[in-house]
Amino acid sequence: EEYLLFIRFNTAVLVLLGLLILAGGIVRSSGSGMGCPDWPRCFGLWIPPIHESELPADYQAVYADRGYADTRFNAVKTWTEYLNRLLGALTGLAVLLHMVLALRTFWGCHRKVVLWSFLALLLVLVQGGVGAWVVMTHLRHGVVTLHFVLALAVVALILKARYSVFALRAPDGARSIDPSAILPLRWQAWLVLALMLVQIVLGTQVREQVDEWIRLNWTPQSNTSLLFKSLGSVYEWHRNFWMAVLMFTIYLFYTVDRNLGAGPIRTLALFVLILLGFQVLTGGLLSRLGLPAAPRALHILFGSLSFSLTTALAFSLERLYRQMPGLDSERAVSGNLDAETINHGTDG
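Using the working numbering, the first residue of the sequence shown is number 490, and each one after it goes up by one.
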C-alpha cells in the first residue's frame with residue numbers, strides 16, 4: 490500500500506541523513522573540510538584528481554586564499570570531502586523523492602505530511618547553499634555551526650512527516666493512560682531536546698575554536714593541554730553542561746517508565762539515554778587522549794542520534810497526548826485514507 494511505501498522510504502531517508510551526518514563528522518575530524526577548495530567542483534574538476542601531478546603547477550597560488558599557500562594536495566582528504574558531497578547529493582535527491590511521494594499519497598487526505606516533506610526539501614536546498622558558503626569562506630566560524638544545525642533540522646522535519654502519518658491511528662493503550670500523566674512528559678521531552686541543542690551548539694563552537702587554534706599555533710612540539718587551556722569559557726560550559734543534560738534525560742526515562750511502562754515510547758527513551766551516555770564517554774576520550782579522530786567522529790554521531798531520537802520521543806508523546814480520549818484529535822482522516830487501513834500499519 491502507498492502509505493506503507495511512504496513510511497519505508499521515510500526510513501531510508503532518515504538512514505541516509507544519519508550516514509551524511511557521520512560523513513560530515515569524518516570530514517571534520519580528519520581535517521578534510523577544505524579537501525576540495527571550490528564548490529560544486531573540486532580543484533575545478535567534476536572528478537577530483539588522485540595525484541598532485543594532475544593539478545596545475547601553480548595550484549597552491551591559485552588556491553592560496555583557501556589555505557593552500559603552504560599546503561600540498563592530499564588525495565585522502567580531497568576524496569573524503571568529495572564523497573561527502575556525493576552522499577549529500579544522493580540524500581538531497583532522496584528528500585526530493587520523499588516529497589513527491591508525500592504529495593502523491595497524502596495531498597487529498599492529510600496535507601500536513603506534504604507540508605513537512607516540502608519544508609524538509611526546502612531546507613535541504615538551503616543546506617546545500619550553506620555548504621557552498623562553508624567552502625567559500627574557508628570554514629568561517631558560525632557558518633559550520635549553521636551547516637550542522639540545519640542538518641539536524643532536516644532530520645526533525647522528516648521525523649515530523651513520519652509522525653504526522655502515525656497521527657492517523659490511535660496509539661496502542663492510549664485509552665488506559667491517565668491524560669494528566671502525559672502532559673508533564675511532553676514538556677520534559679521538549680526541555681531535554683532544547684538542552685541537547687544548546688550542548689550541540691556549544692560543541693560546534695568548541696570545535697571551531699580548536700580548528701582556529703590549530704591553524705594559528707600548532708607545531709610538532711605542541712600538545713593538546715595548551716590547546717584546552719586556551720579555549721576559555723565556551724569549552725568550560727560545554728564540558729560541564731553535559732551533567733544537566735544527562736540528569737534531565739535520566740529523569741525523563743524514569744518518568745516515562747513509571748507512567749507508561751514497557752512499550753515503544755519507553756524503548757525510545759532508553760535508547761536516548763544510552764546514546765547520550767556514549768556521547769559523554771567519547772567526549773571524555775577526546776579531552777583525555779588529545780582529540781583522536783575516531784572519537785571525534787563518533788562524538789558527533791552519538792550527539793546527532795541522541796538529538797534525533799529525542800525529537801522522535803517528543804513527537805511520540807505529543808501524539809499520544811493529542812489522541813487521548815476527550816482531547817482534540819489530529820486524526821483528521823478523510824478522502825481515500827481511512828483509519829481502519831492505517832491501524833494495520835506500524836510505528837516503525
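None of these hints come from the bench; they were simulated from the model.
Be aware that a few hints might be false.
The calculated label-pair distances, taken between Cβ atoms and stated as ranges, are [to be verified]: (1) T744 to G618: 22 to 30 Å; (2) A733 to A558: 40 to 48 Å; (3) A751 to L534: 51 to 59 Å.
Beta carbons are placed, not taken as given, at the ideal position from N, Cα and C, and that holds for glycine.
Hint by hint, here is what the structure shows:
| no. | hint | in the structure |
| --- | --- | --- |
| 1 | T744 to G618: 22 to 30 Å | violated, 41 Å |
| 2 | A733 to A558: 40 to 48 Å | holds, 43 Å |
| 3 | A751 to L534: 51 to 59 Å | holds, 55 Å |
Checked against the numbered hints above, the structure breaks only hint 1 and satisfies the rest.
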